[in-house]
Amino acid sequence: MASKAERDAIKVAKVLMVGAGGIGCELLKTLVMSGFQDIELIDMDTIEVSNLNRQFLFRKKHVGQSKAQVAREAVLKFRPDAKIVAHHANVKDPQFDIDFIKRFTVVLNGLDNVEARRHVNRLCLAAGVPLVESGTTGYVGQADVHIKGRFTCFECYPPPPPKSFPTCTITNTPSQPVHCIVWAKELPFAKLFGEAGLANDLDMRSDDQAEEPLEEDTNWHRVKENETPTAYACRVFDKVFGHNVAKTLEMDDLWKNRQRPKPLYIDEVLPETSEPPAKRPRTEGANAGDEERSVSAASNLGLRDTNQVWSLQENARVFLESVRLFLEERASEIGSLRFDKDDTLAVEFVTSASNLRDISFGIQTQSLFAAKGIAGNIVHAIATTNAIVAGMIVIEATKIVTGQMDKLKTHWCEQFLRRKMLLWSIDPNPPNPKCYVCSDTPLFLEVDTNKATLGEVLQKIVKKKLAVVSPMVLFGNSILYETGDDLDEDEQRSYAANAAKVLSQFPTPIGHNSLVSIDDSQQDFRCTLHIVHRDVFDEEKEPDMMVLRGEIPAVKAGEGTANGTEAAEDDDDDLTIIDNAVQEVDAVQETSAKAGKRKRDEEDGDHGSRKKRLPEEKETEDVDTGVIDLL
Amino acid sequence: MADEGNAMLTEQEAAVYDRQIRVWGVEAQKRMSKSNILVGGAITGIIAEALKNIVLAGVGSVTLVDDTPVSAESIAATFILTPDLIDSGVSMGAACAAALQDFNPMVAVRSEEGNIVDKAPDFYDFFSVVLLGRAPLDLQKKINGICRSRGHKVAFFSADVRGGIGQIFVDLQTHNYTPFPKPDTTPEPQTAQYPSLEEALSFSWKPLLEQKRKERTDSLFFTMRVLERFEQAEKRRPGAVSAADLPGLLKTRDDMAKSQDVLPEMIPDELLERLADAGPGELPAVSAIVGGILGQEILKSVSSKGAPVENFFLYSLTKHTGLIERVPPLKKS
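In the order they appear, the protein sequences are chains A and B. Quick note on numbering: the first sequence equals residues 1 to 631 in my numbering. Quick note on numbering: the second sequence equals residues 1001 to 1333 in my numbering.
Isolated chain B, as found in the complex (with noise of 0.2 angstroms):
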């Protein structure tokens, strides 16, 4: 460790990253030229786009693991691919990570065998970010709840795009980070604390809904509830859904508001509505959008460096804002 901060970087990266030193800091870029991220679940739109971004500022390397074959839906909704791997037999990790690698041949980027299902705890020892693409809200909880597990901090984001609505999850567990100054100030180093995907999501609903207007909780998070929900509960793959579940989605809306003790209005008709007719689909920009944001986050939180998202961020093409919500609030001090 003693070292670390006198290790310079070499001519080459330099050259190359001289634009974002200037906006992080080296002490910034050689933390992020340290970090290992692993990326499990399906490799969607907005996952594509977040590695893109994450692999040309530089981290460390970066472990794909996806062994569903490279289709023509996959390629339309990713821009990394060229079309002659459809039905190659190639796997999305492997046809990625040679794609991605000639991005940026300062970064490692590798493709693992198998599925992120079947890896054992010891698996996720080497990386210091786990970022999981589209997948079941039990697998996002279980992969979590290994993160949280293990000796060291493994930071741990999920992230999807359905159509026009995209999200992210951060968990960082206990999180170190020294702000940008705003004009004229010195910042000082701060600590955030995170609660995980299960803690989050069994917080109840009302006191989200009771607090005061301009803080209170987003209908676009209830929402991605419900739609969880009925996923899980039908069975479904994520994304398998069509405008045909509608009435399921708003029976789904109903029981989960009556169990919460809240107005089922408080989630429009109309942004089920929208989800159900997304299904899988991503609107590329809105891919690009989110998965800017969710690379930025993943630099955040291995260079230690800028406030951090917590712990959701939640976009909406229809109304045009990015916000973030934090589930439970952090009680004021």
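Just chain A, same shape as in the assembly (with noise of 0.2 angstroms):
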């Protein structure tokens, strides 16, 4: 097959992998079965027990272990003379730097995030590596290579912004399980066990609205003295899901064309409980971190199978024990607590609060495994997709390092026939000569300049959607920000006072028409932000009171809001295409990969064919059919 002069070549390569879970572990294998002998890896990520249904290197006993180190190991007892150096670490870590990349032949990406793929982008596109993308969720596949001036960056098409959802649904008017998900974890989970302190909105439901909200309605959250963990638990109960509901239907507006919702009391849903269930011996010998992550209200209740769907009067005890055992087993981590997927009681608390809530609201409530799937925005990972998509991606590494570049290929795995295909593939995409990452196009930042200050842009748009990780600002000749271990004290001091400072009160004002330098050395990129002033915000649609255009637009898929924002971070395997709304992912990737598709199509329109397409073919493609428009 290969010639002798190709064989060569594999074998000398440099490669570095990125990610060692769903794919990297299959890459790994498939990798070093092709004759590449010279593997760096690099996963910060350690293994998880929903790792091993794929994850083959891995076994049970290497949970809690370095993904990165364990995957070189039980690789080099197949193929004991590769050479393989393991990275337990982040990518984004700035000994990852341009240099660093520059040593490689090919680059190749498993990531499960989005942010850690615009990283890798970008440092490839400065170091003119070659990179290989790939993702995968379910059946559905692909892998795509990225080279510099000859084919699309991995940022040529930006991705739906992650899905989110008006306050006022989440707050007054769920119609939807996910509705009531987003609300028991951003609600009353963040608001008993998270960040202290943080006024939410199921505060300020006082009668008396009027100046000074009382007391009792922003301390509500606080266990009061001599008051039993479950007194506590019907209180909170009685309050979020009895007295805020009824408070709700008092604004007559809301329910002109709505099912009005059903408030909640504890004594009308349990009459006969009001003590605690008998408390469960705790197990001798497990170490106590294993202890605090293995209680479970529900398990404590005998209702051990995931999948069967709670009735009321259960949902209301699993919520009652969870908030009992939250505080008598996990006291200490009140207050700092964030919601984990892999947190049997956290999970337990958001199914059951979300249930009650879906019950109020006449929504249809789900299983303990279903809540957590939507709760934890968990990717469907099977091992075939990976391992289908791993051989896609060696392929593609084979051509670069054997200098075939004529002949890559963005490739596909189909989960419905494409025509007689399951697997499939086209010519990558050329650049989008309108990208502000492998171009210079202007961006344009739409901010009232007199509310504001420099710290909000940073965190709101250059942090959050330019994926810049450390990023330096200049405004004419001035440096205005920078961040970096080599500061001066001075220098931070005047930096954070910077970043307190509202646009136009610098001593050069920043206003409209204002060019804003923004530099990340890290990942050698650059930007100028052109700003435009503008006084008048929407808050439900434009929460950030800011907006950033580029000469791309972002696709409109879910415009609004506050709450129920973040993207996907769970798995190991990443993903590029969606098939829940809740999971709007990774989806940049697949972006330009629909673009390629709607190049095929356009192909096979030439030939006549387009109006004959399969129906099956169309459905695929609803999933973006935003992002097909806009090209």
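Keep in mind that the hints are not guaranteed to be accurate.
[To be verified] Here's a subset of chain B near chain A, in silico, CB distances under 10 angstroms, partners left out:
hint	residue
1	M1008
2	A1015
3	V1023
4	A1077
5	A1098
6	F1180
7	P1284
8	A1285
9	Q1296
Derived from the structure by calculation, the hints contain no laboratory data. Heads up, the beta-carbon is just placed ideally off N, CA and C, and yes, glycines get one too.
With the hints as a guide, dock the two chains, each given alone in a separate frame, to form the complex.
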């Protein structure tokens, strides 16, 4: 098959793999099987039980250990002659700079989040090293080649923003299970157990909303003196499922065209219970950490089947019990907890709270298994798709290291037949000349320059939207902001002061038509923000109170706001294509891929076949109609 | 049967299989865990890939029958064996069973002495699926026939990769399944009727080639038939071909085309040349890809979840496509 020269090129090629998870395990195996011998891999994650169904280099005994290290050791067992270097680290760490990337012939991504992908994309563009990207979800997968100046970069077509919901839907008028799950995570969970003192929409429900909220209205989430955990749990129950819902009912306008919710009070739901169930003895010998995580309200109540949908009473019991267990078993964490899909008790709390709210509002309740999937944005993952996509990556990596650039392809693995095909490919697309990452394209920032601070712009736009890791801000001839370990105290102080300044209050005010440069030396990324002053923003639709516009308009998927905006940061495989509205994950890649699909359809159109597209083709494209329209 | 639906997965199963249950559902997972898979023929790279996939997924049991000793070649082609097994006298079946068992303790993986050729028909009664690795055409047909003769359904798969080209044959006899839902639809249960390998291969080529352009059977299908006929006529072990066999392959192609009354050019010389060059070798990336599809299809067959391949899957590296051919074609309803 391969000539001697090609085999040699494969042998000496230096390969960087980013990610040693679902795709990574398969990729490392197929690389060494194919003759690659010089591989470095980076992964910051440790092994979890839910990885074991597909990350075949890991065993149960490895749970908790570094994925990169264990993968390396496992592969060396069957290919002792391979040279593999494992980094248990974050690819965003400064040690992985452009010079580091330049050492490699090709970079292969098997990542699970879009921020890291964007970062690696910029490193590869700056270093001039070809990048093979990949993603899978369920039966669907793809592999894509990015080479600067030749093909699209990862960011040439921006993704639809993560799905979010209007605040009012979450706080007052939920109509789907996901609304109640987002509510349970962001409101009661965060209020009771999260960062202390944060006001949220569960407060301020007093009759007298006039001036100062009553003490009772802001401190309701605190345990009162001499209050037992169960009494506390019951009081919280009545507050969030009873009084607050009753309050909402007073807003008559909301219910003109909606079914009115029913408030729930603990005395009515569980008239017989006010005492906690008997405490189960602790398991002997388990270490403290395990024990903490294994505290479970559902198993205390004998509800072991995670696929069972609980009744109203069962949900109420799980709610009370989970609150009690947080108070009694995990008191030290209260005030700093963040929702984590692997935290059993947190998932139980969120499941029961969202189900209780579902019942109030006449929405279908969910099993713990289903609620966990939605709450944790869990990416569906199977071994076979990862194996297939890893094979595709190796095919493209082989072409790159043997110089067959004219043969490079973008590959897809489909769940449903596309004509007769399950696996297919096209030529990669050329770069988008309007991409602000791989071309010099202006960006516009609409902002109220008399109100917004530089710090807000950095947080909401530069870091969150532009995925810049360590920004330097230049305006005219002066540096307004910088980050790094090498700053002296004066610099740190002055930059912190600048961050707190409103844009128009700088010595040379930043105002309408100002040009502000952003520079990230780690990514070798720079861009210029054209400031457009604007006084008025729609708080519901533009919660950042500032809007970034580029030449490439982002896709309008879920316009709006506050709650539930985080992207899935789950799992090890990553994903590109979305089969669930909530799992709006790492879709950047999808977009450029779909651009390819469209291109192919057009090519087919030239042959007069476009009108005969099979129905399933249309449906697979429905996911991103918005994207196609914008291309 | 009545209890089946109520049986819960163990906590361990629920934890390990969580991500895939989100793909195919808990009922499909339970059905998988009750399936028994027999693997005969040579355990090549693609078979090792498929085995890894079904063991990880949690089928009930896997039984391997391959008494050839582990060699340097088999180590090079499969990734599940360590180099210290070379020339140790251990059989491929035993070595692979031990390695696979380690992948997932919740699956019973065992090795059966002897050769698949010698197994009596009632040996097959225990199994829900038979997967045949690299094996001569006659043996494939014979075992497919045995699978069809049992009192219950025994699904049959055979698969091989040569260089950058891979093929899977599937016979699920009468298969009832629930397709995966497409957006905003509720799928109806479906039934697929499969022909045996014998029936599929005896169908004449002309109607396959006279279908509308988009439906026309791909040249890869015919190319594989030429290779198989050549190996059979020359009494070669499958894969025992080399570049020197190209003239013989071309002649076989011409003879077959003539007797089928089709043009020989519909099988490009280049494809046969590539197969001759490949000999017994497999490209690991292609084995990973076709082994991924094979694993997936075995899981679909035992879980009755998802539309299965009917009835040939063909992959070509040069075209970068994996396509499905139904032979004989389904009649349009």
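These are the hints, each one checked on the structure:
no., hint, verdict
1, M1008, "5 angstroms, holds"
2, A1015, "5 angstroms, holds"
3, V1023, "5 angstroms, holds"
4, A1077, "8 angstroms, holds"
5, A1098, "13 angstroms, violated"
6, F1180, "6 angstroms, holds"
7, P1284, "4 angstroms, holds"
8, A1285, "4 angstroms, holds"
9, Q1296, "4 angstroms, holds"
Against the hints set out earlier in the document, a violation occurs for number 5 only.
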